[in-house]
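Asks: Given these sequences and hints, build the entire structure.
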Amino acid sequence: MVGRIRLAYESAHARRRGGGLALLAVLLMGTAARAGSPSDASTSEATQAEARRSIPLAKIDAQFRPAVAAVVAEPTIFRRLPTSVVDCRPELFTFLAQNPEVMVEIWRHLGVSQVTLTRLDERTCRISDGAGTTGTIIVVEQTCEEGAQNRIVMLANGSFEGKPFQQPISAQCVLVLTSGSKEETNGRRFVAARMDAFIKLDRMSLALVAKAVHPFVGQTADRNFTDTMLFVSNLSYTAEKRPEAIEQVAIDMQNLDHPRRQGLIKAAYQCAEAGREWEQSRARQASLETASR
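Under the working numbering, the first residue of the sequence shown is numbered 1, with each subsequent residue one higher.
I should point out that these hints are in silico values taken from the structure, not numbers from a laboratory. Please note that the accuracy of each hint is not assured.
[Said to hold, decoys possible] The list that follows gives simulated cross-link-like pairs (lysine to any residue, SDA-like), each with its CA atoms no further than 25 Å apart:
1) K266 with R189
2) K200 with R126
3) K200 with T134
4) K200 with R223
5) K241 with E183
6) K200 with A46
7) K200 with A49
8) K200 with R293
[What the hints assert, rightly or not] Derived CB-CB ranges, DEER-like:
9) F165 with E45: 25 to 35 Å
10) K241 with A49: 39 to 49 Å
11) T290 with E45: 22 to 32 Å
Glycine included, each C-beta is placed from N, C-alpha and C at the ideal position.
Replies: Next up, the structure:
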C-alpha cells in the first residue's frame, strides 16, 4: 500500500523536472481512487475579480493586510488552477491542508523528493526545493469546517536562482486554497479543491519572466496541483486499507514534531473507520437487493 503512494508520487514527480520556476510562482502548489477530470484553468479578468472578492481582507491580521492587498490589487500574473476532484476522506484532506509539512516529509521519507518545508511558527513555514527555489509561506487567514469546507489564504515570498537566468527572480504571492466535499451516490466522499494564485514579480524580473516563463509556469502549476491531489487521494485509500502502515511512516518521520505525527496517525485511523463503515453499508445494501429479488 505504501508502495502505491510512492508510485503515485513518482509518476507525478517525473513530470515536474525543470519545474523550479513554477514552484517559485506557486510555492508548493504543486495532497483505487483516481483524480476527477479537472476543469479548465482561468486567467480571465472576471475570474480574477471573483477571486479577489473571495479574500476576507477584514479578517486578515493587520500586519499582513497591506501586503496582501497590494498583491491582489495589481498582480503581474493571476491564475485560477484547475479544480481537482478526488476520492478522499475530508478529515485527512483538511489535516494535510493545515499541516503541509506532513505531506512534504512523507515525500522525503519515500525518497522521491528533496523539497523541505520547515515550520517556523504556527502559521509560517520556510520552503526550499533543493534546486534554487527558496521562500516563506505565511497563513494569514483560514476557515476550516467539517467536511473539508475550507478556505486558506497564504502570503508567500520567494525567489529562484538558477538557469536560464543570470540573476535571482523574486516574487510575492497570495494563494487561496478553497475546498469542499460531497457524498456521491455510491456513498464515497469526494473532495473538490482549487487554488487561486496572485503573483507579483519584482520589477527587474518582470521582463524576463513575461518573455520566457509565463506559459510554462501556468501549465506546470496546473499539473503539480492535480498530481498533488491524486497523491492525497492515494494516501487516503492507503489509510483506509492499512492505517498501521501510515502509523509506522508517521513514527519514522522524526523531522516532524510529535503533535503532527500523532495527528497523521489519528487521521489515518479515522479513514480506516470510515472505510469499514462504507463497506458495511455496501454489504447491507447488496443483501437487501438480493432479498428483494
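Asks: Look at each hint and say if it fits the structure.
Replies: Hint-by-hint comparison with the structure:
| no. | hint | result |
| --- | --- | --- |
| 1 | K266 with R189 | 18 Å, holds |
| 2 | K200 with R126 | 19 Å, holds |
| 3 | K200 with T134 | 16 Å, holds |
| 4 | K200 with R223 | 21 Å, holds |
| 5 | K241 with E183 | 19 Å, holds |
| 6 | K200 with A46 | 19 Å, holds |
| 7 | K200 with A49 | 16 Å, holds |
| 8 | K200 with R293 | 64 Å, violated |
| 9 | F165 with E45: 25 to 35 Å | 29 Å, holds |
| 10 | K241 with A49: 39 to 49 Å | 44 Å, holds |
| 11 | T290 with E45: 22 to 32 Å | 56 Å, violated |
Of the numbered hints given earlier, the model fails hints 8, 11; all others are met.
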